[in-house]
Structures are given as C-alpha cells and as structure tokens.
Amino acid sequence: MSFTRAILAALTVGVLALAGCGSGNDPLREDTEQQNTSESGDSIIVGSANFPEAVLLGEIYAAALEAHDVDVQRKLNIGAREAYIKALEDGSIDLVPEYTGVLLQYFDKEATAAKPDEVYAALQEAVPDEFMVLEKSSAEDKDAVVVTRETAEKYDLKTIADLAPHAKDLVLGGPPEWKTRPTGVPGLKEVYGAEFKSFIPLDVAGPVTVAALKGGRVDAANLFTTQSAIEQNDFVVLEDPKLLFTAQNVVPLISKDKASETVVDTLNGISAKLDTPTLRDLVARVEVDKEDPATVAKDWLTENGLA
Amino acid sequence: MIEWLSSNADTVAYYFAWHTVLAVSPLVLGLAISIPLGWLARRHRSLYPPMIGVTGLLYTIPSLALFVALPVILGTKILDPINVVVALTIYTVALLVRTVADGLAAVPDDVIQAATAMGYRPLRRLLQVELPVAVPTIGAGMRVAAVSNVSLVSVAALIGTTQLGLLFTDGFSRNFMAPLIVGIVLCVLLALILDAIIMGLVRVLTPWQRAAREQQRATGAVVGSPKNGLRRLPEVGRAS
Amino acid sequence: MISELVAWLTDPAHWSGPEGIPQRLLEHLGYSLLALAIAALIGIPLGMYIGHTGRGTFLVAGLANALRALPTLGLLILVTLPLISRLPGNLGFLVPSIAVLVVLAVPPILTSTYAGVQGVDLAAKDAAYGMGMTGQEVLTKVEAPCALPLVFSGLRSAMLQIVATATIAAYVGLGGFGRYVLDGLAVRDYSQMLAGAVLVAALAVVVEVVLAGAQRLTVPRGLAVGARESRSR
Numbered sequence: 001m002s003f004t005r006a007i008l009a010a011l012t013v014g015v016l017a018l019a020g021c022g023s024g025n026d027p028l029r030e031d032t033e034q035q036n037t038s039e040s041g042d043s044i045i046v047g048s049a050n051f052p053e054a055v056l057l058g059e060i061y062a063a064a065l066e067a068h069d070v071d072v073q074r075k076l077n078i079g080a081r082e083a084y085i086k087a088l089e090d091g092s093i094d095l096v097p098e099y100t101g102v103l104l105q106y107f108d109k110e111a112t113a114a115k116p117d118e119v120y121a122a123l124q125e126a127v128p129d130e131f132m133v134l135e136k137s138s139a140e141d142k143d144a145v146v147v148t149r150e151t152a153e154k155y156d157l158k159t160i161a162d163l164a165p166h167a168k169d170l171v172l173g174g175p176p177e178w179k180t181r182p183t184g185v186p187g188l189k190e191v192y193g194a195e196f197k198s199f200i201p202l203d204v205a206g207p208v209t210v211a212a213l214k215g216g217r218v219d220a221a222n223l224f225t226t227q228s229a230i231e232q233n234d235f236v237v238l239e240d241p242k243l244l245f246t247a248q249n250v251v252p253l254i255s256k257d258k259a260s261e262t263v264v265d266t267l268n269g270i271s272a273k274l275d276t277p278t279l280r281d282l283v284a285r286v287e288v289d290k291e292d293p294a295t296v297a298k299d300w301l302t303e304n305g306l307a
Numbered sequence: 001m002i003e004w005l006s007s008n009a010d011t012v013a014y015y016f017a018w019h020t021v022l023a024v025s026p027l028v029l030g031l032a033i034s035i036p037l038g039w040l041a042r043r044h045r046s047l048y049p050p051m052i053g054v055t056g057l058l059y060t061i062p063s064l065a066l067f068v069a070l071p072v073i074l075g076t077k078i079l080d081p082i083n084v085v086v087a088l089t090i091y092t093v094a095l096l097v098r099t100v101a102d103g104l105a106a107v108p109d110d111v112i113q114a115a116t117a118m119g120y121r122p123l124r125r126l127l128q129v130e131l132p133v134a135v136p137t138i139g140a141g142m143r144v145a146a147v148s149n150v151s152l153v154s155v156a157a158l159i160g161t162t163q164l165g166l167l168f169t170d171g172f173s174r175n176f177m178a179p180l181i182v183g184i185v186l187c188v189l190l191a192l193i194l195d196a197i198i199m200g201l202v203r204v205l206t207p208w209q210r211a212a213r214e215q216q217r218a219t220g221a222v223v224g225s226p227k228n229g230l231r232r233l234p235e236v237g238r239a240s
Numbered sequence: 001m002i003s004e005l006v007a008w009l010t011d012p013a014h015w016s017g018p019e020g021i022p023q024r025l026l027e028h029l030g031y032s033l034l035a036l037a038i039a040a041l042i043g044i045p046l047g048m049y050i051g052h053t054g055r056g057t058f059l060v061a062g063l064a065n066a067l068r069a070l071p072t073l074g075l076l077i078l079v080t081l082p083l084i085s086r087l088p089g090n091l092g093f094l095v096p097s098i099a100v101l102v103v104l105a106v107p108p109i110l111t112s113t114y115a116g117v118q119g120v121d122l123a124a125k126d127a128a129y130g131m132g133m134t135g136q137e138v139l140t141k142v143e144a145p146c147a148l149p150l151v152f153s154g155l156r157s158a159m160l161q162i163v164a165t166a167t168i169a170a171y172v173g174l175g176g177f178g179r180y181v182l183d184g185l186a187v188r189d190y191s192q193m194l195a196g197a198v199l200v201a202a203l204a205v206v207v208e209v210v211l212a213g214a215q216r217l218t219v220p221r222g223l224a225v226g227a228r229e230s231r232s233r
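Residue numbers (this note's numbering), protein chains in the order written: chain A, 1 to 307; chain B, 1 to 240; chain C, 1 to 233.
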C-alpha cells in the first residue's frame, strides 16, 4: 500500500540522514554547497511569495525550466515582496513570479501608470539594473478590497470610493505588509481618503482573512481577484475607479546573470499561454480541490506542450 | 489523505529527514556540552546554583523568540537551519546540565571510593564509572529533550525552515487537512522512535540495571522517593 | 542591529494604539492567564482527586507523555482550521488557540498536583486520620497544603508552555507579542521581529521569576526547609 511505502521511504531517508550525520556528511553543509556551486551554467533558484497562486506559478516556472535541462532549485513560499526581493538581492534566489503593478510600485513609489502596457513599460524602466522582467502574460490577478454581501448592502457599496465615508466605523484586515504598502492602508487613505477605524494584520488572503471577514472580525479585507473564496462566500469585490490597484499581469522577475536564452525562451513561452481564466482555474485546483501545486503545474505545462 | 501522501512522498520524506537531523543534532551537541558542564557543577558545588539559574532562564525563552534573535547574535541568515540547531542545543543543555549534575551526584560514595581504590584516575573514573552509573538519569533527561525537540523544530516552519512543520503551514494556507495530519502523525512517530532509541541505548549501556528497571516500570513514571521530602517533578520539557 | 532594536522599542509610536506594546502585552498576558486559570481549574482538582484516591493514575503518566509528543504548531492549526470560520467574530480566533493553550497546560499541573498529594508523608496522613479527620479533611487540611509548592511548580511549567505557545498562536490570528515577530517577518522588518522576540523573552522571564517568588510564599512554614532544597524545575 502506498501509505506504508511512503512511511517506509520517510523512515529510510530519516535513518540515512542520521547515518550521514554521523559520518560527517552533514546535510546542513551539503545544502549550502549546492547553493554556492549553482552559480555556474544553466542553474537557477526559483523563489515565490507565500500564497498558493505564487507557489503555483513558481512551480510552473520551475517545472518548465527543468524540462529544458536547467538545474532548478526551489525556494518557494518565502514571504511577502519585501522579503523575497531581499532574497533576490542577496542571491538566495534568482527568479520569482511577480505582478506588474505592485512590482512597479515597489520599485517606484511615484509611479502613476495604470493600464497593462503602460505599467509594463514603466516597470521595465524601474527595475534595478541587476534584474529584469521578461514578457508579461495576459493573466491578471489584482489585489482587491472585499466586503460581505451584507456589508455591501448595508452601506450601499459598489466601489472603494463608496466605502471611504464609512471607513472610520469599519475595521480593515489584510496581510501584515498592507499596513505600510503604498497599495495598502497608506494608498487607501491617499487615493480614496479612506481612513479605517483600525487595521488588523491577518494572513495573505488565506483562511484567516476569509474567516475574519466572514465572522465579522473585520468589515473589509484584502483578497485576490482570482480566488474562489470570493464566489464561495458571496463576497463583494469593490470596484477600484481610481485605479489604486493598477494592472497586475503575471510576469517573471529574474536576475540578469541567470537570464540565459533557454531560460528566457522557456519563461516567455509560459507567459504567452497563460491568461486570467486559466490562472483562475489552476488556482482553484490548488485552493479548492487541494491538488498539489507541482501536479497542477506539470499538468498544465504538458497540456500546452511546454514541458 | 493517502492519495495526497503517495503523490507527495518525496517531499514528505525530505522534510522528515530534515526534521530528524534538526531534532537529533542538538541532542548530540547538547549532551556533549552538558557532560563537562554538569561535571563542573557537581565538582564545584558553588557553581551549581548559578549554572542552573542561568540555563533555567534561557530555558524559559520561547522558541520563536530564539529562532528570530539568534541570527543577529550568530551573524547567520534567518533561513539558516543552524539557528534552529543552536536554539535547540541551548534548551537541551538547560535540561541536561541539571540532569547530568544530579545523575553524577546520585552515584553512591562507596562506588566512587571503590573505583579510586582500584586505581582509577579522576577522568577515567568519570568516564568508566560515574557516567555509566548516571546513565539512567541522563537517559531520562535525554528522552524529554528528544521528544520536545521534535515539537520545537516544527515551530521553525513559521520562519520558513525546511522540515515537517512546513506541512502544517501548507495545510493552513490552503485550508487542507491532509498535509497537516500527515505532518502531525510523522512528528509523533519521530518522537516515539527517538524515545525508543534512547531507551534502548540506556538499556544496552546499563546491563546491571535490569532488575531495578522492572521495578521502576511497575511503579510508573511518577516522582521519586517521598521519604525525605526531597521530591522532584518529572521534567515536562518545553513544546514551543 | 542593537541600535535599531533600541530605536524600535523606544519609538513612542510603538507604545500606543491597537498595535502598541501595552496593548500587545495585555493581550499576551490576558490569553496566558485565562488559559492558566482554566487549566488550573481542571488540573488541580483532578490531580488532587487522583492523588488522594489513587484512582486513574494511568491518566497522569499517559496523558503527559502522549501530549508531549504532539507538535504544538500542528495542534494549533488542527484545532483552528475547522473552527475558525464556524465561530462568529473574534471567537473563531480566540477559542481554538485558548483551547490548545489549556490542553498543553493541564498535564504539568495535573502531574505535579498528583505528585504533591501522592507524595505526602504517609506518617503525616496516618497521624491526621488518627486525629479523627475524615478523608476530605485530610485532603484539604494536610495533603493540599503539603502539595502546594509542587502545585505551584506545575503552574510554572504550565505558564512557560502557555507564554511560548501563545507567541506561535499569532500565526493562526491571535494577538500578543507574536504578532510583532510574524508581522515583521512578512515585510522583513528585522527590528520589529527582534523587538517582538525580546519582548516575549522578557515577558517569559519576568513571569517565571514572579511565579518562582510567589511559589516561595506558598510553602507552609512547617515544610519550608524541605521545600527549599527541593527546588522544582
């Protein structure tokens, strides 16, 4: 039975690791050596943010590159942008799936571009010299301010602008990084004049956020537009007429010295095939059907002849 | 769940291996450090209270705090597994120093005198007589340390260290029970295995103790001799 | 790094509001004391009963050993996931976490109370019965006071688990000092993380010292000599 086999496999590896430990073949050391030697040739460390869609995109990049004989190491699920950009800077990772709009705002706080192509053009300018963004895909996943149907009806909310006058009575929830991000609490205040009663740090659009919104611990929360939780819970996505959340096309951000022809071609191939409905379906397979991101990634790549 | 496990066996095995290494290496390091420290505390009685006091206070620091603070002290990166090893070594030492000192203190005087009379020099006497006699006590401390290390390692998932705890955070972020339950089961399994290994080692190292052990088992895991009022609690170990 | 830490800790902005240090301290202490109180209400009477009657001793060793092997983070998530969206408002976040804290705190309290009662000098108990005390009187007038120092040391061990686990519970949405660590981690704000770590370590140490001091006061005068030697954990 597969369960017993998996347990046996786990035990064997555990014992081997112990034995290796004893013979001075320390796995701790091995790991750092791998990182150091991966500087040469077509090798790459793929990172990602800490939410399911980002992990899925990371898996898609990683599996496609592996199929093209690139030596891939995965460091997925790292944290917020503020965290993994630092990892990119110090060389702990080389490639990360990104979103055009938020990334532009991260590199250029003054950026005003809002439409997909404008944002992408501005982003190419704004990215620091060591990095580059490859082709953007048409797949979009925006940050959104979401309320329950009940709240929407009570205050007659359709847009974030409708929310602003009531904000002082409402509690906002979102990932911890929203507190300081230009597209988070500061942006809502600046662009819409929405100053909330308080902000409660939750998780990155995960079960904590969904439960907090559903249970009334927060009145408005940050979710992503590709998430099935919005439909499942009958949440209302508030429109964003002033384009606080600009175009958010999925785009690979990569260290320039890792952008070999094979790598670039492979990743651009992915961006060409990926669109918003596809992304939403793939994310639903991970979030709703609980499929493994690696499996979902491989399936899609195979279907599209990318791996 | 079984379906999930079979399609993720590689990852799970990899996490399990790391978890084992992260839980076991502090145990070995901690023992190596505790023996000389415990011996010192036993040899120079004045050192006992401050040593126990300081290690006791270190022991109260929550693991998450140590994982976060150590990189600053050690100059490591936060994802370096070495932080976890150092933090758990600190806890293990805090537990074992006292166990070793008390274990050595419990060696009967006539045993020590007999060994000295047979011409054992202090170091050889320590290694070949006193430590072996103290093995059951030290072993009991090791068992507590081993089991709590397994739980402590999983906490490091919050800062992203590779081990079974990542199954917990994965399960949570996707609202998915399978990885969560597999992770918990494997953690418990690992704890039981380590516990059994240490028990077995103690048994092998103390062949003369067989009879006493039978008796001990009959009375259960409960506290020492009530007659002198010097009652010590079974160590609880820290779990987070 | 140290200067950044000091700067963070002394920034007046971090000392007020719903995310200020006083508020987070109140949360952390509040959850911890609540959990400790519930655990004590369960553990002490149960431990006294088992110690006095000798019935159900298997619970003591078995429970403590079994629970010790459970990974706390896993347990927190396991309890939180099914409940978080079924309970209204803040309860979905509070109830699961507090429940886990209680579950972790009961075994040390139970074990030490049991050990305290069970370990009371047989001669003392015989004398008490000889004086005509009923079983209940022996428990309340002899066994309970004699067990008090050990009960207290159980409370200390329990509190140590609680304060540490409450830090981790920030991951499943609880407040307290753990928030600084996790919120800081999310944006790689090391000074905030470190401040959280330092605050929670300080809290744990202060709680330990206070409880250790309080424990001394609980020792009945007649037992003071023996108990001082016996220092617990």
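Calculated directly from the structure, the hints in this document are not laboratory data. Some hints could be false.
Among the chain C residues that face chain B by a calculated CB cut under 8 angstroms, a handful are [to be verified]:
{"no.": "1", "residue": "Pro45"}
{"no.": "2", "residue": "Tyr49"}
{"no.": "3", "residue": "Pro71"}
{"no.": "4", "residue": "Val103"}
{"no.": "5", "residue": "Leu104"}
{"no.": "6", "residue": "Thr167"}
{"no.": "7", "residue": "Met193"}
Listed below are the simulated DSS-like cross-link pairs for lysine-lysine, each with C-alpha atoms no more than 30 angstroms apart in a straight line [said to hold, decoys possible]:
{"no.": "8", "chain 1": "A", "residue 1": "Lys154", "chain 2": "B", "residue 2": "Lys77"}
{"no.": "9", "chain 1": "A", "residue 1": "Lys109", "chain 2": "A", "residue 2": "Lys256"}
{"no.": "10", "chain 1": "A", "residue 1": "Lys273", "chain 2": "A", "residue 2": "Lys298"}
{"no.": "11", "chain 1": "B", "residue 1": "Lys77", "chain 2": "A", "residue 2": "Lys109"}
{"no.": "12", "chain 1": "A", "residue 1": "Lys168", "chain 2": "A", "residue 2": "Lys189"}
{"no.": "13", "chain 1": "A", "residue 1": "Lys154", "chain 2": "A", "residue 2": "Lys109"}
{"no.": "14", "chain 1": "A", "residue 1": "Lys197", "chain 2": "B", "residue 2": "Lys77"}
{"no.": "15", "chain 1": "A", "residue 1": "Lys109", "chain 2": "A", "residue 2": "Lys242"}
{"no.": "16", "chain 1": "A", "residue 1": "Lys86", "chain 2": "B", "residue 2": "Lys77"}
{"no.": "17", "chain 1": "A", "residue 1": "Lys242", "chain 2": "A", "residue 2": "Lys168"}
{"no.": "18", "chain 1": "A", "residue 1": "Lys154", "chain 2": "A", "residue 2": "Lys242"}
{"no.": "19", "chain 1": "A", "residue 1": "Lys86", "chain 2": "A", "residue 2": "Lys298"}
Label-pair restraints from in silico Cβ distances [claimed, not checked]:
{"no.": "20", "chain 1": "C", "residue 1": "Val210", "chain 2": "A", "residue 2": "Ser198", "range": "30 to 40 angstroms"}
{"no.": "21", "chain 1": "B", "residue 1": "Arg45", "chain 2": "A", "residue 2": "Ser198", "range": "12 to 22 angstroms"}
{"no.": "22", "chain 1": "C", "residue 1": "Val209", "chain 2": "A", "residue 2": "Lys242", "range": "27 to 37 angstroms"}
{"no.": "23", "chain 1": "A", "residue 1": "Val264", "chain 2": "B", "residue 2": "Leu79", "range": "22 to 32 angstroms"}
{"no.": "24", "chain 1": "A", "residue 1": "Glu190", "chain 2": "C", "residue 2": "Thr218", "range": "53 to 63 angstroms"}
{"no.": "25", "chain 1": "A", "residue 1": "Lys168", "chain 2": "B", "residue 2": "Ile193", "range": "29 to 39 angstroms"}
{"no.": "26", "chain 1": "C", "residue 1": "Asn90", "chain 2": "A", "residue 2": "Lys290", "range": "44 to 54 angstroms"}
{"no.": "27", "chain 1": "C", "residue 1": "Val95", "chain 2": "A", "residue 2": "Asp275", "range": "39 to 49 angstroms"}
Don't be surprised by glycine CBs; every beta carbon is placed ideally from N, CA and C.
Taking the hints in turn, this is what the structure says about them:
no., hint, verdict
1, Pro45, "violated (19 angstroms)"
2, Tyr49, "violated (15 angstroms)"
3, Pro71, "holds (4 angstroms)"
4, Val103, "violated (11 angstroms)"
5, Leu104, "holds (6 angstroms)"
6, Thr167, "holds (5 angstroms)"
7, Met193, "holds (5 angstroms)"
8, Lys154(A) - Lys77(B), "violated (49 angstroms)"
9, Lys109(A) - Lys256(A), "holds (23 angstroms)"
10, Lys273(A) - Lys298(A), "holds (14 angstroms)"
11, Lys77(B) - Lys109(A), "holds (28 angstroms)"
12, Lys168(A) - Lys189(A), "holds (11 angstroms)"
13, Lys154(A) - Lys109(A), "violated (35 angstroms)"
14, Lys197(A) - Lys77(B), "violated (37 angstroms)"
15, Lys109(A) - Lys242(A), "holds (16 angstroms)"
16, Lys86(A) - Lys77(B), "holds (12 angstroms)"
17, Lys242(A) - Lys168(A), "holds (20 angstroms)"
18, Lys154(A) - Lys242(A), "holds (23 angstroms)"
19, Lys86(A) - Lys298(A), "holds (28 angstroms)"
20, Val210(C) - Ser198(A): 30 to 40 angstroms, "holds (31 angstroms)"
21, Arg45(B) - Ser198(A): 12 to 22 angstroms, "violated (56 angstroms)"
22, Val209(C) - Lys242(A): 27 to 37 angstroms, "violated (54 angstroms)"
23, Val264(A) - Leu79(B): 22 to 32 angstroms, "holds (28 angstroms)"
24, Glu190(A) - Thr218(C): 53 to 63 angstroms, "holds (57 angstroms)"
25, Lys168(A) - Ile193(B): 29 to 39 angstroms, "violated (57 angstroms)"
26, Asn90(C) - Lys290(A): 44 to 54 angstroms, "violated (28 angstroms)"
27, Val95(C) - Asp275(A): 39 to 49 angstroms, "holds (42 angstroms)"
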